[in-house]
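Going down the list, the protein sequences come from chains A and B.
Read in order, the letters of the first sequence correspond to residues 1 to 94 in full-length UniProt numbering.
Read in order, the letters of the second sequence correspond to residues 1 to 385 in full-length UniProt numbering.
Note that these hints are calculated values from the structure, not bench results.
Heads up, the beta-carbon is just placed ideally off N, CA and C, and yes, glycines get one too.
What follows is a set of in silico ranges between Cβ atoms, one per label pair, in the way DEER data are often shown: (1) E70(A) / A266(B): 39 to 45 Å; (2) T229(B) / D64(A): 14 to 20 Å; (3) G63(A) / A49(B): 31 to 37 Å; (4) A22(A) / D157(B): 43 to 49 Å; (5) A378(B) / D64(A): 45 to 51 Å; (6) A43(A) / P140(B): 14 to 20 Å; (7) R315(B) / V56(A): 37 to 43 Å; (8) E249(B) / P57(A): 28 to 34 Å; (9) L50(A) / D58(B): 47 to 53 Å.
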Amino acid sequence: MTARPDERLLDGPPMSPVRCRACGAAVRARKASWQQTSIQWSAEAVETCLERRASVPGDGPNGDLFPACEALRESIVRAALDGELPVPDDAGDG
Amino acid sequence: MTAAETERDGVRTIEAGAVPARFARGWHCLGLSERFKDGRPHTVDAFGAKLVVFRSGDGRLNVLDAYCRHMGGDLSRGTVKGDEIACPFHDWRWGGDGRCKKIPYARRVPLRARTSAWTTMDQDGMLFVWNDPEGNPPPPGVTIPRIEGATRDDWTDWVWHETLVAANCREVMDNVVDMAHFFYVHYSFPTYFKNVFEGHVATQIMKGLSRPDARPPAKEGRPGMLGNTSVAAYHGPSFMIDDLTYHYEGMDIDCVLINCHYPVDADSFVLQSGIIVQRNERLGSAGADEMAVRLGAFILKGFEQDVEIWKNKARVDNPLLCEEDGPVYQLRRWYEQFYVDAADVAPEMVERFEFELDTTRPVGAWKKEVEENLARRAAAGGGTA
Numbered sequence: 001m002t003a004r005p006d007e008r009l010l011d012g013p014p015m016s017p018v019r020c021r022a023c024g025a026a027v028r029a030r031k032a033s034w035q036q037t038s039i040q041w042s043a044e045a046v047e048t049c050l051e052r053r054a055s056v057p058g059d060g061p062n063g064d065l066f067p068a069c070e071a072l073r074e075s076i077v078r079a080a081l082d083g084e085l086p087v088p089d090d091a092g093d094g
Numbered sequence: 001m002t003a004a005e006t007e008r009d010g011v012r013t014i015e016a017g018a019v020p021a022r023f024a025r026g027w028h029c030l031g032l033s034e035r036f037k038d039g040r041p042h043t044v045d046a047f048g049a050k051l052v053v054f055r056s057g058d059g060r061l062n063v064l065d066a067y068c069r070h071m072g073g074d075l076s077r078g079t080v081k082g083d084e085i086a087c088p089f090h091d092w093r094w095g096g097d098g099r100c101k102k103i104p105y106a107r108r109v110p111l112r113a114r115t116s117a118w119t120t121m122d123q124d125g126m127l128f129v130w131n132d133p134e135g136n137p138p139p140p141g142v143t144i145p146r147i148e149g150a151t152r153d154d155w156t157d158w159v160w161h162e163t164l165v166a167a168n169c170r171e172v173m174d175n176v177v178d179m180a181h182f183f184y185v186h187y188s189f190p191t192y193f194k195n196v197f198e199g200h201v202a203t204q205i206m207k208g209l210s211r212p213d214a215r216p217p218a219k220e221g222r223p224g225m226l227g228n229t230s231v232a233a234y235h236g237p238s239f240m241i242d243d244l245t246y247h248y249e250g251m252d253i254d255c256v257l258i259n260c261h262y263p264v265d266a267d268s269f270v271l272q273s274g275i276i277v278q279r280n281e282r283l284g285s286a287g288a289d290e291m292a293v294r295l296g297a298f299i300l301k302g303f304e305q306d307v308e309i310w311k312n313k314a315r316v317d318n319p320l321l322c323e324e325d326g327p328v329y330q331l332r333r334w335y336e337q338f339y340v341d342a343a344d345v346a347p348e349m350v351e352r353f354e355f356e357l358d359t360t361r362p363v364g365a366w367k368k369e370v371e372e373n374l375a376r377r378a379a380a381g382g383g384t385a
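Isolated chain B (complex conformation):
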């Protein structure tokens, strides 16, 4: 469609091409690794396929296409036998490398007895798989950074949630650059917002205030929340690590928040959140655990707010932006690198781009709105203002 057609009668048209036919190249987290380590096969619907995840006798976590190449039996309904997964249909045994190792009733394994296997990584309590439509291994340097707190005693364990979302996963990516939705959808109050895209990493730096109009006042004796500082980076197409500090009266609480997903198919994805909280003297040991659970529930609520938008919205390839919006087009240009062959990654997809937003006007408008909300609440005798 030409620009002239788009602007016929001055009416802006929403344009949306087909969703991509392939799934992003990169590391994807399938969840906490512990839950896959019970010696049973697990079914995971991902990358338009059904996968089987199992721990073999040697302790390794393996991910294969779940459908047995023999007669199509579902390996994820089978049994782990030694280092192999045995098909429930005819007991064909498949190794973590994707090769059929044994057919107990056959003299020999046929040629071509090889199925799709995904490279796995068990790191900081999470299971990752490398997805590449071209079938290449992860290049050096394309890694998921270590999260020190995840293995330290002075941090809590992961509080993890997952939810199935009926939308293409580009919707969740757009949040990286979408400052204003944090105010309107998540009831937070950004005051500083900057993005940096470089290589396979997309970062969002955000500072914010708490919203007195959106939450009940702090209970007697409990410190009130003042705001937060967040440095959140997608390391590849699906795994965001948020180095997040909540500022309270008289103390800071340091957290690491994971916001990650894997595509189920072109029109749905599993959205996951994980949080760990650093223990400190003010918080106490049990206090940190309680805080992690509370924050985990809070983040989950945030996801529900997003989902409510996504399930009703239109897909838009040509969003209409004001100058107080973030770099949506440049983010999508960065995101495109994961959907083309490695040889076709263009310089502009990976070259460093910075965008610092002017928050003057949004902050002014939002202060006014918060004050109006508080005044309305006081007038209604809410008793909390």
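For reference, chain A alone in the conformation it holds in the complex:
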């Protein structure tokens, strides 16, 4: 039972390198549309992330969850707007 590849990465845009503009953490990201985002972190990127390091556990049994890095989110949006991260043309809201 080995994990198989996600065919969407072959048929649509692949995971592409993106660097966080705040801390330089290097991740791979993908946008299937302007609203969809996939982010593959490495252990090193997690260590580098400033927001991650500054985060404190929240309340509740799932309080340890780090939901997202805002700086990275903005960096990915910028990369998409600048054309560094491809977003499919037909991925409008229509």
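Following the hints, put chain B in place on chain A, whose structure we already have.
Structure of chain B alone, referenced to chain A:
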């Protein structure tokens, strides 16, 4: 099978290898611990074996393989004697550590008189066992988080249900990433959906609206349900804690929902749900208890909806996905870590992965469908629209 073969004639083939021959490494909940504390041995079919669960005289909950290593008697039909479980066949006495402590008719216990014992944990009203095919103890940091409400007076007691499902337990795991089935199978209406996998934890963050076409309108004087916010995380391969808030007109109801299972064998598992509800002024003390029972029944209905799908569906190793589906392959890559030796856990199985779904198209389609359902109901004179 090669990709070329798969795509012969353009027909997509469903591929499914054998189900895993081993059972996941991790903590598994066997149910509310109270029911095992009556001084009697209990039979639990799990991990391809028959287990005996018993509370010894020292108050500890113990889990052993039920078959006595002497002549194969069923310890779960035996008797608790002091700190040991006594076999009904020849009265051999087994301790919670898996060692035979005494044979009343023998001068001494033979060498090798040791059976399989599972590490147990009694926490927040639930009994957990650590399963590891390699026989190692739980590593530090691989824990089940505490659930504060479970021991507090301003929360209800657990309302617990369990049901035997004739399918491999991967089916229930896939729900972590399956946004669309919540609309079609469970009649809920997700509007936001995100997954985060990291280490041994897989999280689903979901916000949703209530479905006016799927439930009768709120009774006079009762607040209508608007929607819900849910942060649900699997802590290991089988135990999900859902921090769940139902939003009603004028109030929120906070719940903790447990969705957990243990494998019986490769082709079946026991699916369990537990819920506690926080008491508040609007709800009142009795209202919270009533709400917990109602929600418990509601969750059970949700399980039945899943089971109906699972018992008729095919196992699929190569699901065909659209971009509005969640990260099924990445979830299974995460899940794989529990089925390989600890030394073989690859970085990509545990490295952080985030997937935020674009709900624009699903929400648009579902709004339309709800409106059509309501119009149809009104036209049929259902009187509820």
